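Based on the sequences and whatever the hints tell you, model everything.
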Amino acid sequence: MDQVLLTVPDAVYEKAKLKVERSRWAAVKFQKLDRATVTRIVNAVAHAAHAKAQFYADWAVRETGMGVVDHKRQKNEACSRGLVEMYGAEDFVAPRIDAARKIVELPRPAGVIFALIPVTNPVATVYFKTLMALMTRNAIILSPHPGAKAVCADAAAMMAEAAKAAGAPDGVIQVIEEPTIPLIEKLISDERVDLVIATGGPAVVKAAYTSGNPAFGVGPGNAPVLVDDTADLRLAAKRIVASKSFDNSILCTNESTLLAYQTVADALLAAMKSEGAHICTPDEVAKLRKLLFTSQGFNTAMIGKDAAVIAREAGFNAAGAKILVTPVDLVQPEEKLVREKLCPVLAFARVANIDQAIACARSMMRTAGRGHSAAIHSRKETNIMAFAAALPALRVAVNTGCSLGSSGFETHLGPSMTIGTGFSGGSSLSENLTPHHLVQYARIAYNKEAAETFGDFNGVDPLNLPRAQNVALTSVAHNADLDELRRELRKIILEELSAVRAA
Amino acid sequence: MFDYGHFRFESKEDLFDKSIRFWNPDKTKFWQKAGIDLVIDRREGYCLFDMDGRRLIDLHLNGGTYNLGHRHPELIETLKGALDYFDMGNHWFPSVARAALSEALIRVTPGMKYVVFGAGGAEAVDIAIKSARYATKRRKIVSIIKGYHGHGGLSVATGDDRFSKIFLADMPETFIQVPFNDIGAMEQALKSGDIAALIMETIPATYGFPMPKDGYLQACKALCEKYGAMYIADEVQTGMMRCGQLWGWQTYNIQPDIMVTAKGLSGGIYPISACLVNERAGDWLNEDGAAHISTAGGAELGCVVAHKVIEMLHRPETIASVHAVAEFFREAMAEMIQRHGDIFSGVRQRGVVLGLEFNHPEGAVYVSRALYEHGVWAIFSSLDKRVLQWKPGALLSHAMCQEIMDRFDAAMPRARELIAAAGK
Ligand SMILES: Cc1ncc(COP(=O)(O)O)c(C=O)c1O
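Protein sequences, first through last, are from chains A and B.
Each residue of the first sequence is one higher than the one before, counting from 12 in this note's numbering.
Each residue of the second sequence is one higher than the one before, counting from 11 in this note's numbering.
It is worth saying that the hints were derived from the structure and are not from the lab.
Small disclaimer: the values here were computed from a predicted structure and weren't measured.
A virtual CB, placed ideally from N, CA and C, is assigned to each residue, including glycine.
Any given hint might turn out to be false.
Said to hold, decoys possible - The list that follows gives simulated cross-link-like pairs (lysine to aspartate or glutamate, EDC-like), each with its CA atoms no further than 16 Å apart: (1) Lys39/B / Glu20/B; (2) Lys301/A / Glu346/A; (3) Lys333/A / Asp317/A; (4) Lys28/A / Asp201/A; (5) Lys201/B / Glu235/B; (6) Lys236/B / Asp224/B; (7) Lys147/B / Asp170/B; (8) Lys140/B / Asp298/B; (9) Lys40/A / Glu337/B; (10) Lys90/B / Asp243/A; (11) Lys43/A / Glu337/B; (12) Lys37/B / Asp27/B; (13) Lys22/B / Glu54/B; (14) Lys459/A / Asp109/A; (15) Lys39/B / Glu87/B; (16) Lys26/A / Glu235/B; (17) Lys391/A / Asp277/A; (18) Lys43/A / Asp60/B; (19) Lys40/A / Glu341/B; (20) Lys26/A / Glu87/B; (21) Lys301/A / Glu345/A.
Stated by the list, open to error - FRET-style restraints, in silico, Cβ to Cβ: (22) Gly163/B / Pro157/A: 55 to 61 Å; (23) Pro157/A / Phe17/B: 47 to 53 Å; (24) Ala214/A / Glu289/B: 30 to 36 Å; (25) Gln14/A / Arg358/B: 37 to 43 Å.
Structure (structure tokens):
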């Protein structure tokens, strides 16, 4: 009775393929909209998303069991209205005229973006990628991690509705409701997809880059943070604890390992303790190492869990702690605790000077975190420069938490849920993903010779060019010769007309 | 050499020769004379490939048979899956495939009670006429001049006498024809009070898709009620979402008593047709269910495919696609009239059903040929040769729509030349 008697097609895949074509139609229509309409759509969607920031923060934590509701709300707000405040004034629609170089640049949106959404920051990433796409007149298909599919589907539907009500073309925002790995692998290699943006585990990123389609994939983080002897220790302690506990370390920019100058280490630990850090005993460190790293790698059940919960699971008490600090002797990849930990557990080691700090940081990043993030708390430019120059990180946040600093919310880097890890980190993207990455430009380039003067393109709107002449003529004559004559005459008249119009 | 395993042909000429000798001399020669030397070989999506390898984009779709495209992979897989288990079946017995498809059709079609299956459109039209006669106990059928309902024993009599007289199958006393869009003439015909049914294509296809005037179909339906006749909607070309809703009549807000669907219901891969009847028209199924019999009618393989077709048509993405394609051609054709108004004079459109009007009595014949030379296959209306039938597929991609229009635009100078050469 339970066995299916006929072999049937994979209807889920077939439906998903239809979504891709719907997205293509949407992309074409979207590219015909002017800036005012695009702005109206972006604002409406950002507004609707912002209003639901709390609602989806609750839901995301409930569905994924990861993170902190209040922090998720903050991220959702930053990834809705926050993005509009950041980029709202920028024009991704009008041609850019560069009179000095005699070049006009016409925006060419990617078209159809296929966006993979991680389980760690589901709604914030849905908000972020969708708004980036809308700002640049791209259609987007969101493909959530199965662990967050319900909340993502609902958020996507909410945004799609707001977009439609504001005049966006049908199908501009779509979501894969039932994502599976084989389905996603097939879809990202669909030739009708213009760009894949992969945020997620290394497997997902690799799949995106082997899809044959243009892709932005970003590698995993594993950020070292250095506190030297010029840092304001009280502020550094406060910022590190806040950053490490932010959404229970679920941002890939979170601090993995704290390196402190020997001379300030004790004072720093004391200050961190008063900020709510629990400094683990060697026994507790061993218990945590065992809990967090299984033979399969990081224990995913612990991702984004509260510090106290993790301690309890490990077998000790840290009630009320915001983060757990695990002192280690060795900062080398074989010490598991200096690997990436998407949970509020921070490895800690003492260093003698900047050279040793660099050696440690480079060592821990050798297996994971290349091209990603690092942080330093210091007032000494040469230390900051040495750290940045020597590390394989592509961003070094200074005197701020790494979670929100490297991701651009507390610095002037682009606020982003997709952190480019560059060539060394297996990515074609080196910056924080911003709308600028989702639009390319076609260029009109004039002859350099001074005698060839540049045209006046002010007010020449590619969306609103003069229409072709209406050749409303009488019906065709019987006589072919006469017809030839007429055609010749018509051609002359049309040429005259267009010459007059161009003048 | 064209070796198909089971049979082989030396060349395309060899095929033409054998077609003339063994199959249909007139049809074969007709196309040759028209400059259309097409022998459809491979087919895929919305493209046909001639034996010589030339690719053509199909805007004829054999009247909507390939609404979802040629050999849609999902339908092929469906049929292959069904072939591992079923065959045509036995029409005498209840069957899971027929019951499931009947239920699916009734669920999506307001006002209908039972489904009677056939193998082709004409058979389903014959069933419709028989059902109306059973219910009304009247014999006469009204249809429109230049309507087309197929070539069955009854259906052929509803159409142009070119097709009935040759076989002595015209029956002008029982099959009355009135002009389209003339409500006065319609009342005149129905008011005799002995009419069993009016049969209407929702938009007459072979006539070139002239649009029913506002309120015309509703008035026809009201007259049927007034004079006790049944209204049969022939949805063979207008159904399957092609007008923007599943059935064309739904877009005109009328409720037929009987409706007929075929062509696209088969997905183009396994013949099937259906006549849907309301309670009154279907009552013969309670009295004598074997009154209509068809060995191939409602073959189970066709039922499985049609069931899939109905599901596919109801996906939100399919509906969105129909609207997008319709909107695209509405805008694109308006622009073409601007550019080629000297020969291209008008467009009739509902959804993805279009008729393009050219201002020469045989304009569409020449345009069809010019398009053929430019890689697009669209057929003129055989009953009004000013009009080109333009039947884009429900699932056409934007890229292909754009390609079609670029080819159309490029073909217009050639069309102009052919029309000029033909004179009037
Ligand atoms: C409107 C209409 N009704 C009925 C038919 C007959 O269908 P078939 O050829 O399958 O018998 C056709 C075929 O072209 C048609 O267009």
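Status of each hint after checking the structure:
Distance restraint check for Lys39/B and Glu20/B: the Cα-Cα separation of roughly 19 Å exceeds the 16 Å cut-off, and the hinted pair is therefore not satisfied. As the CA atoms of Lys301/A and Glu346/A are separated by approximately 12 Å, the hinted pair is consistent with the 16 Å bound. Of the supplied pair hints, the one linking Lys333/A and Asp317/A holds, its CA atoms being roughly 7 Å apart against a limit of 16 Å. Distance hint between Lys28/A and Asp201/A is fulfilled; the C-alpha atoms sit about 8 Å from each other, no more than 16 Å.
The hinted pair formed by Lys201/B and Glu235/B meets the criterion: a straight-line CA distance of about 11 Å does not exceed 16 Å. Proximity of Lys236/B to Asp224/B is assessed by CA-CA distance (about 20 Å); at most 16 Å being required, the pair is judged violated. For the given pair, Lys147/B sits about 26 Å from Asp170/B by alpha-carbon distance, which is inconsistent with the 16 Å threshold. Pair hint Lys140/B plus Asp298/B holds up; C-alpha atoms about 13 Å apart against a cutoff of 16 Å.
Between Lys40/A and Glu337/B the CA atoms are separated by roughly 11 Å; this keeps the pair inside 16 Å, and the hint holds. For a cut-off of 16 Å, the pair hint linking Lys90/B to Asp243/A is broken: about 73 Å separates their Cα positions. About 14 Å separates the Cα atoms of Lys43/A and Glu337/B, which keeps this hinted pair within 16 Å; it holds. Using a Cα cut-off of 16 Å, the hinted pair Lys37/B and Asp27/B holds, with the two alpha carbons roughly 12 Å apart.
Between the alpha carbons of Lys22/B and Glu54/B the distance comes to roughly 20 Å, so the proposed pair goes past 16 Å and is violated. For the hint pairing Lys459/A with Asp109/A, the CA-to-CA distance comes to about 13 Å; that is within 16 Å, so the pair holds. Under the criterion of a C-alpha separation no larger than 16 Å, the hint pairing Lys39/B with Glu87/B is inconsistent with the structure, at around 37 Å. About 42 Å separates the Cα atoms of Lys26/A and Glu235/B, which puts this hinted pair outside 16 Å; it is violated.
Taken as a hint, the Lys391/A and Asp277/A pair is broken in the structure, with Cα atoms around 20 Å apart against an allowance of 16 Å. Distance hint between Lys43/A and Asp60/B is unfulfilled; the C-alpha atoms sit about 37 Å from each other, more than 16 Å. A threshold of 16 Å between alpha carbons decides the hint, and for Lys40/A with Glu341/B the separation of about 12 Å falls inside it, so the pair holds. For the proposed pair Lys26/A and Glu87/B, the alpha carbon gap of about 15 Å is at most 16 Å, so the pair holds.
Distance restraint check for Lys301/A and Glu345/A: the Cα-Cα separation of roughly 14 Å lies within the 16 Å cut-off, and the hinted pair is therefore satisfied. Separated by about 58 Å at the C-beta atoms, Gly163/B and Pro157/A satisfy the suggested range of 55 to 61 Å. Between Pro157/A and Phe17/B the beta carbon distance is about 51 Å. The supplied range of 47 to 53 Å therefore holds. The given range of 30 to 36 Å is broken by Ala214/A and Glu289/B, whose C-beta atoms sit roughly 58 Å from each other.
Taking the beta carbon of each, Gln14/A and Arg358/B are about 51 Å apart, not inside 37 to 43 Å as hinted.
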